[in-house]
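Using the sequences provided together with the hints, build the complete structure.
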Amino acid sequence: MLMNILLAAVIILTIITAARLLKVFEFTSILRGRKPYDISESENNITALMFLLSMVGLFSMFIYFTNKYYNYKYLLPPAASIHGKEVESLLELNLIIITLAFFITQTLLLWFAYRYRYNKNRKAYHYAHNNTLEMVWTIIPAVVLSVLILKGLIVWNQTTRKSEDVDKVVFELYARQFDWTVRFAGKDKLLGDANYTMISGTNTLGLITPELVDEQLDALNKEKARLETEMNEKFPNKEKLAELKTAYRRLKRQLQLVMEFKKKSTEQPYQTAYDDIVFQDTIYLPVNKTIELHLRSQDVIHSAYMPHFRVHMYCVPGVKTGFTFTPTITTAEMQAKLGNPNFNYLLFCNNICGSAHYNMQLPIVIVTEEDFTKWLNSKKTVGEQIAEKQGTVSEVPSTEQISADSTKQTAMKIHL
Amino acid sequence: MSEIHSTHAEAQVAAHAHAHHDAHGHHKESFISKYIFSMDHKMIAKQFLITGIFMGLVGMSLSLFFRLQLGWPNQPMPILETFLGKWAKGGILDPNFYLAAVTIHGTILVFMVLTAGLSGTFSNLLIPLQIGARDMASPFLNMLSYWFFFLSSLIMMISLFVETGPAASGWVVYPPLSALPQASQGSGLGMTLWLLSIALFIVSVLMGGLNYITTVVNLRTKGMSMTRLPLTVWAFLITAILGLLSFPVLLAAALLLIFDRSFGTSFYLSDIFIGGQALEQTGGSPILYQHLFWFLGHPEVYIILVPSLGITSEVIAVNARKPIFGYRAMIASMLAIAFLSFIVWGHHMYITGMNPFLGSVFTFTTLLIAIPSAIKAFNYITTLWKGNIRFTPGMMFAIGVVSLFITGGLTGIILADSALDVNLHNTYFVVAHFHIVMGVASMFGTFAGVYHWFPKLFGRMMNNKLGYAHFWLTLISAYGVFFPMHYLGLAGVPRRYYNYTAFEIFNGFADLNTLISIFAIIGGLAQFIFVFNFIYSAIKGPKAPQNPWNSTTLEWTTPVEHIHGNWPGAIPEVHRWPYDYSLPDREEDFVPQTEPLKEEEKVHAHH
Ligand code: HEM
Ligand SMILES: [Cu+2]
Ligand SMILES: [Cu+2]
Chain C
1 MLMNILLAAV
11 IILTIITAAR
21 LLKVFEFTSI
31 LRGRKPYDIS
41 ESENNITALM
51 FLLSMVGLFS
61 MFIYFTNKYY
71 NYKYLLPPAA
81 SIHGKEVESL
91 LELNLIIITL
101 AFFITQTLLL
111 WFAYRYRYNK
121 NRKAYHYAHN
131 NTLEMVWTII
141 PAVVLSVLIL
151 KGLIVWNQTT
161 RKSEDVDKVV
171 FELYARQFDW
181 TVRFAGKDKL
191 LGDANYTMIS
201 GTNTLGLITP
211 ELVDEQLDAL
221 NKEKARLETE
231 MNEKFPNKEK
241 LAELKTAYRR
251 LKRQLQLVME
261 FKKKSTEQPY
271 QTAYDDIVFQ
281 DTIYLPVNKT
291 IELHLRSQDV
301 IHSAYMPHFR
311 VHMYCVPGVK
321 TGFTFTPTIT
331 TAEMQAKLGN
341 PNFNYLLFCN
351 NICGSAHYNM
361 QLPIVIVTEE
371 DFTKWLNSKK
381 TVGEQIAEKQ
391 GTVSEVPSTE
401 QISADSTKQT
411 AMKIHL
Chain X
1001 MSEIHSTHAE
1011 AQVAAHAHAH
1021 HDAHGHHKES
1031 FISKYIFSMD
1041 HKMIAKQFLI
1051 TGIFMGLVGM
1061 SLSLFFRLQL
1071 GWPNQPMPIL
1081 ETFLGKWAKG
1091 GILDPNFYLA
1101 AVTIHGTILV
1111 FMVLTAGLSG
1121 TFSNLLIPLQ
1131 IGARDMASPF
1141 LNMLSYWFFF
1151 LSSLIMMISL
1161 FVETGPAASG
1171 WVVYPPLSAL
1181 PQASQGSGLG
1191 MTLWLLSIAL
1201 FIVSVLMGGL
1211 NYITTVVNLR
1221 TKGMSMTRLP
1231 LTVWAFLITA
1241 ILGLLSFPVL
1251 LAAALLLIFD
1261 RSFGTSFYLS
1271 DIFIGGQALE
1281 QTGGSPILYQ
1291 HLFWFLGHPE
1301 VYIILVPSLG
1311 ITSEVIAVNA
1321 RKPIFGYRAM
1331 IASMLAIAFL
1341 SFIVWGHHMY
1351 ITGMNPFLGS
1361 VFTFTTLLIA
1371 IPSAIKAFNY
1381 ITTLWKGNIR
1391 FTPGMMFAIG
1401 VVSLFITGGL
1411 TGIILADSAL
1421 DVNLHNTYFV
1431 VAHFHIVMGV
1441 ASMFGTFAGV
1451 YHWFPKLFGR
1461 MMNNKLGYAH
1471 FWLTLISAYG
1481 VFFPMHYLGL
1491 AGVPRRYYNY
1501 TAFEIFNGFA
1511 DLNTLISIFA
1521 IIGGLAQFIF
1531 VFNFIYSAIK
1541 GPKAPQNPWN
1551 STTLEWTTPV
1561 EHIHGNWPGA
1571 IPEVHRWPYD
1581 YSLPDREEDF
1591 VPQTEPLKEE
1601 EKVHAHH
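Heads up: the protein sequence lines correspond to chains C and X, in order. At the far end of the first sequence sits residue 416, using this note's numbering, and the numbering has no gaps. At the far end of the second sequence sits residue 1607, using this note's numbering, and the numbering has no gaps.
Each statement offered as a hint is correct.
Computed footprint of chain X on chain C, listed as stretches where at least three residues anywhere in the stretch have a Cβ under 8 Å from a Cβ of chain X:
no., segment
1, 25–36
2, 87–97
3, 114–123
4, 141–150
5, 188–201
6, 243–251
7, 347–355
Note that these hints are calculated values from the structure, not bench results. These numbers were taken from a predicted model, which means no experiment stands behind them. Where a beta carbon is used, it is the ideal one built from N, C-alpha and C, also for glycine.
Spelled out as structure tokens, the structure:
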């Protein structure tokens, strides 16, 4: 407290002193027969010189930072996907052009500022317009931009082209506050049905299978009963009661929708999710294969950012988005290339999604196709999980078990 | 302030004014009608400016708070606790408040400072004075415009103090994050206040804009044809039109968001499971909000920049003692930019899952904007060529605007390219781009305007020496803060992150983040030089001469002391364009717009 008062006193004193000094300064310049706001020629020259220096400063800054940071130690390593390579060279071309433009225009601007500083013996040149000149600097940027637009659109088309490849790997990232759930499509290359009303503590993706529908109905009914008893108790707190009522309304609707799945399951057997593989840790992907990435979100907008592959796409609740790409460099190769054994590809969230937005990442490991298959087979499918839980033999053909030592597998956290 | 020194002269001219302008029939004005509910455009300009400066200081402080966090992550900063209390227990900034600070910083700077503070001040001050009008077309609407802005600012300030904190979903407030209190603390009462504040703000902008347009179109003095308008007035006119066409769309976006938040509609919401509950809303699309938001959002960035460019044109011409080069090209490129700015909004949404073909179209239109932008830059540079430059602080800031406009505009070319934007979207590259081209450039334009027209605002001169110090410190720290951010962005460093300690790949940048924060602190402190100079000069500064910069335009023909109706006698007639500087066959280096053309001039006249 005392410190604060002291601080305030010091600040006030400084201000008063500054004001006094200023007054004295103005007074002396008046005594010298000048108006305090007149700018003398020598003063003007100093400013002009400073502008010249600022040009040197600007360019030095550019060179210093570029020299220090524009390299693989700091920036992203070479793009590790097919379209990423194209993006990389397009970026380089663009950077070269804008750097040139930067140097030329800033030089002209700051040099002219210096060169044409005030001189009482000179008069400015009354020069109001020149159509030829103006045409020149309309046409030159237009031509350069046309080239950039054209090149850009070609790369954009490559980036967004849908793959016809049947031998692709299909996987999904499901975002929520504040983690990612990963799902591979399994043998049928189809991501099984899912719906947000099916989400539960163990079924993070809201997958739909007959067993899971029953389980969800059971859970919802229990919750409904619990809410009913709670609401029937005497409630002094009106807010709490309103909250309960809202929850109850939502629950009843959810129950209805899940019942629909139950009814429909007679004609539509909901089998596609059985061979899906769901987990929440390191993602393995095969090199040189088309990867079809599907994106969904449970709550708010997130964004799946995998900068090493130049992959980035929003995850939007209620809307399906995606990105297709082909990794070209395995993690081991990249580690060797960079001489950094700790290097890892990374997925992280890049659209503001709440308080822990800054902490939503998963490592990605690119391996050979062989290793990838081994790794994938070592994971339990949804069908297997269900079967295990129910203690019965499921009708789904179970995939052969591969010994876990072939892949560097960390603890599995399967939410089923 | 100058009005307090009511002199004989003022009384006299005021009496004169009444003879010519009987709309102002009352003689004695009360304190309230003169300083608070004033309908005089010059007083309203000052109200906008002072409110803008205050809000600017608030916005800047917020940025210093989060820069402290980013520069020295996880290190206790007692000063944070002093200012923020429970939001920085033990001197460690709360992650929720970090996002809130980022959000309110952006909102205040974009809307309260660089839209209202800038347009509100200079459109109000300069439109009537430079076109030769006694006041705005509707002084009453003008007054309302300020008071709506004031209310809006007040509510934004109040939102800083609510229990759950202010809005914290970024200045673009994308739903569902902004729609659901379960998703973020700030989306509770804080967000409600944000929406209310912005709704009032839009009303203010619309009333102001209508007034500016009507005034420019109808109240020009005799001889003031559209091609004799100073470029400032053209800039304010175009800005007002942009605002009038785009802000209502933001109002619609905000209104639908209010409905979704409070009345259970689902314009933006669909299939959401949050807080253990499946929400009832289905069928909406969060992307719809983004389309609506950016339909305003992109024109908005030009609403912020164009007035600064107008001010820059004027200040550069006056102080280089040369006509602005390519007057008509300057107008045409401003019109082109304004038109194009309505068909590029999708460049903020390349990776929202929009159809790739649509992305191509937006890439094309966006890159087109670079052409008129380039023309403007070259025209400014040519205006300096063979000039006779007087470095007033206003001129220094105006040259700064051009430098920053170029640096920031160039990186826009990269972001415009959808293929490149994929990897740069939401990284620090974008932060660098728009702070340089919009934030700092436009701030510099505002400063240029304040230094240049301070004699018109307060009848006194600002101190040059302090102006120099302010300029150099601000320029150095602006480049020091935002230039390195390009490299962060190229490395994939995401924006709106509380810290990067969990990311080994960004470890190398810890020092750079500290350096950026140091520059930010220097830049922040430098602004107090300006504030001091502003307040000191308004009260104690040396009295201004009538036409301190030897300018040609009409505002310098009005008396130094403010009077109602602006000119004591008849409104001057205009005979020439505003850029007759250094005419070859003239002794003096400027010819006021009010001076009739000589016979021989009529043949060669530009306009
Ligand atoms: C040559 C002209 C310009 C081009 C081609 C351009 C292009 C772009 C593009 C493509 C983006 C989106 C980047 C992203 O979010 O991924 C962007 C962002 C932005 N630009 Fe520009 N720009 C230009 C000039 C300007 C100017 C003159 C201003 C302001 C006066 C401006 C202000 C902004 C702002 C505020 C954002 C980011 C908003 C946000 O995400 O928070 N830009 N620009
Ligand atoms: Cu996130
Ligand atoms: Cu834009």
